[in-house]
Amino acid sequence: MTYTAWIILTACLVGITCGLIGVFLILRKTAMMADAISHTVLLGIVIAFLITREVSGPAMLIGGIAAGLLTAFLVQSLHALNVQQDAAIGIVFTTLFAIGVILISTSVGNVHLDVQHALMGEITFIPWNTVTLPVLGTIPQATLMLMIVLLIVLIFLTAFYKEWKITTFDPSLAASLGIPVMLMHYVFMSLVSITTVASFDAVGAIMVVAMLITPAASSYLWTDRLIVMLILSPLFGVLAAILGYMIAAWLDTSISGSMAFATGIIFLISFLFAPKHGLLFRKMYRTE
Amino acid sequence: MEPFALEVEDLSASYRKNTVLHDINVKVRTGSLVGIIGPNGAGKSTFLKTILELHPALTGKVRFFGKPLKEVKKRIGYVPQRGSVDWDFPTDALDVVTMGLYGKIGLFKRPGRKDVEKAMEALRKVGMEAYAKRQISQLSGGQQQRVFLARALVQEADMYFMDEPLAGVDAATEKAIMTILEELKQAGKTVLVVHHDLQTVEDYFDHVLFLNKTIIAYGKTADTFTEKNIVKAYGGKIFWTKGEEARVVHSPF
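The listed protein sequences derive, respectively, from chains A and B.
Counted from 1, the first sequence has number 39 at position 39 by the numbering used here; the numbering is strictly sequential.
Counted from 1, the second sequence has number 248 at position 248 by the numbering used here; the numbering is strictly sequential.
Chain B extracted, bound-state conformation:
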């Protein structure tokens, strides 16, 4: 396995004429579980979309396992934000998970029994097999997120990009998702997760990437998740608690 799952060089991107990302340079080691954090509007989602070529880049070079995206597409899984799709779409949970296999099934072919079994297996892994035939709008937010995760799991990718998988989910779902992400990491996969909750960063991720239009800091959580970097990334006043101790970071301005 290549030492670096992701190498980004000099990446920049704009959104509606504003430059939202500039001078992005980062190398992510294979097997890392990375939390991407930063304030609202810092360009976290755009960052994921740009490296996956779902959003046009202005400049830059991105390599996955040392290769351009085109050659390794099948090794990469993407979990968009839950809110990015219309959950009133007429389909059930099992069908949504099966969609993760569409790239592999190929043109003109229908998903076969094996594909459906695979999708069912993924639903089981996220604890959703009882809801396989449930219309997707009838699922709770947490359940919808689990379905999205199951859809990524069936892809059997080597690297995953997840956009806010823990946003607005219940505690049980959060725990279930983190257990699976941990398992993916143990299996040698690389996982990058856009995350919003500073309180859980140290528990969940072994690497942390501070993003605010550009990379503020990147490295092992133990060394990088510091007050100094948080202030640098968030700029303003930020408050969060960790166990008994409460910390307040005051704005440098």
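Chain A on its own, in the form it takes in the complex:
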């Protein structure tokens, strides 16, 4: 495959995975947690690097999950101790992220990891860092990791589809039916973490939030059905990836930045023109 094709494929995988996870982030009203985890996984990745001394997929995923769970756990604990939820998120993620930044600039130094890279990603480098596999052939490491994570996300979402639905809509009822609501919460936070880690190389910590939240928020405006949302949101993610790449190529600018910008455009169009929930339709409906 060509250089461009790999980049677009990788970006599309980010769009699909983030789009799927994003739907539940929006519906569970935990969008802020995505922002938090997207920063704290940096700490997980740095620590994984310090232990294994290499930037490898599995170690990064495990480090990311650990950091994500730690974030979720600390936020939950602070909240239980009467700290407001949003304040708890703000305190936990900035502190953990800061530790990550300090570690990077002191003990990791000159390797592949740097703050700029972690925040913005560098999708243009992805095709250079490849692995060779029996069936798939030579494939960029980041792309492979995204494929695996997408598979994991798909398995978890389909296997426990009705459990995700009920714990999202009515956690009290779910708990009274014997569904482990808290466990589901932590599993979900783990899925957010691995999605973030896998998307890290491609789009970085800031842009991954755009990919997680904006396509899902856009899809929410187009439909009243969860299953349709779960189809539309990844589609919007893919659209943003392709559109973003085209904008970047045209203006010769940051690819991840352009993709995040594209999600914003998709949201704006949805917000204005979506049937039923769009601004124009609601205006028309009111004046009739």
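There's no promise every hint is true.
Covered, in the sense of this in silico footprint (three residues per stretch, anywhere, with C-beta under 8 angstroms from a C-beta of chain A), are these stretches of chain B [unchecked claim]:
1) 18-24
2) 80-91
3) 94-102
4) 106-120
Once the Cα atoms are required to be at most 30 angstroms apart in a straight line, the calculated DSSO-like pairs of lysine-lysine come out as [what the hints assert, rightly or not]:
5) A/276 with B/133
6) A/29 with B/17
7) A/29 with B/73
8) B/125 with B/109
Beyond 12 angstroms from chain A on every Cβ pair, some chain B residues (computed) [as the list claims (entries may be wrong)]:
9) 9
10) 124
11) 183
12) 225
It should be emphasised that the hints constitute simulated quantities derived from the structure, not laboratory data.
Note that the structure is a prediction, hence the values are computed from the model and not measured.
The beta-carbon is built from N, C-alpha and C at its ideal position, and this holds for glycine as well.
We have chain A already, so just place chain B on it with the hints.
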């Protein structure tokens, strides 16, 4: 059937560091239709949530049909307050009712045709079959409450806990809900309802539980729903009318 559907011993619970419930002791006979009443902030919702282990208890022992909750979960139905969920959730009425069956369907399985039929049947019982495919935010408050009730009915539980099912509903819905609660009672089920309207207590419930942080009084409505207990539970001045006669209870303070 066991004589007591619910036995609570020495239950207490706190909410944000304040003790909201203490020294709760009560035994509810199987087949009772109980109205739980008390002023705002008396801990009525917390009481339901604590016995159902949705809120942590500080002390106490709770038994349902003589057994701990874990062993009888499938025999118990819970209807949370309508306001506790986001009605903009992308789903329809039928789907919400089907959720009542998720505990029974089991892991890795999807609701089958039989489950959907059951949910439809429950919607019919509450007079909502015409709205099965309606997005839930498009339903009125009363209709949403009926959907919640239908969701509890599909569980085919032996005991129901309902948190303010009559709050903010229209008169027709109130009547429909009370007819169903009466039917549940006739079928030998035990129903505990958090209720806010003192005027209807005597018509609706055969037992009444006065709650204000602890149990003020519990017993048959005829013996227990007295001015003395109302004053004790509500503390302040309270005014309500019953038919032609108007009653005013003055604060003892």
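To see whether the hints hold, each was checked on the structure:
1. 18-24: Violated: only 0 residues of the segment 18-24 of chain B have a Cβ under 8 angstroms from chain A.
2. 80-91: Check passed, 7 qualifying residues.
3. 94-102: holds (count 4)
4. 106-120: With 4 residues closer than 8 angstroms to chain A, the segment 106-120 of chain B meets the three-residue bar; holds.
5. A/276 with B/133: At roughly 16 angstroms apart (the allowed maximum being 30 angstroms), residue 133 of chain B and residue 276 of chain A satisfy the hint.
6. A/29 with B/17: This hinted pair holds, its Cα atoms lying about 26 angstroms apart.
7. A/29 with B/73: Between residue 29 of chain A and residue 73 of chain B the Cα gap is close to 28 angstroms, so the pair holds against 30 angstroms.
8. B/125 with B/109: holds, 26 angstroms
9. 9: Holds, since 21 angstroms exceeds 12 angstroms.
10. 124: Since the minimum Cβ distance to chain A is about 21 angstroms, residue 124 of chain B lies beyond 12 angstroms and the statement holds.
11. 183: holds, 22 angstroms
12. 225: Holds: least Cβ distance 29 angstroms, greater than 12 angstroms.
Checked against the numbered hints given earlier, the structure breaks only hint 1 and satisfies all the rest.
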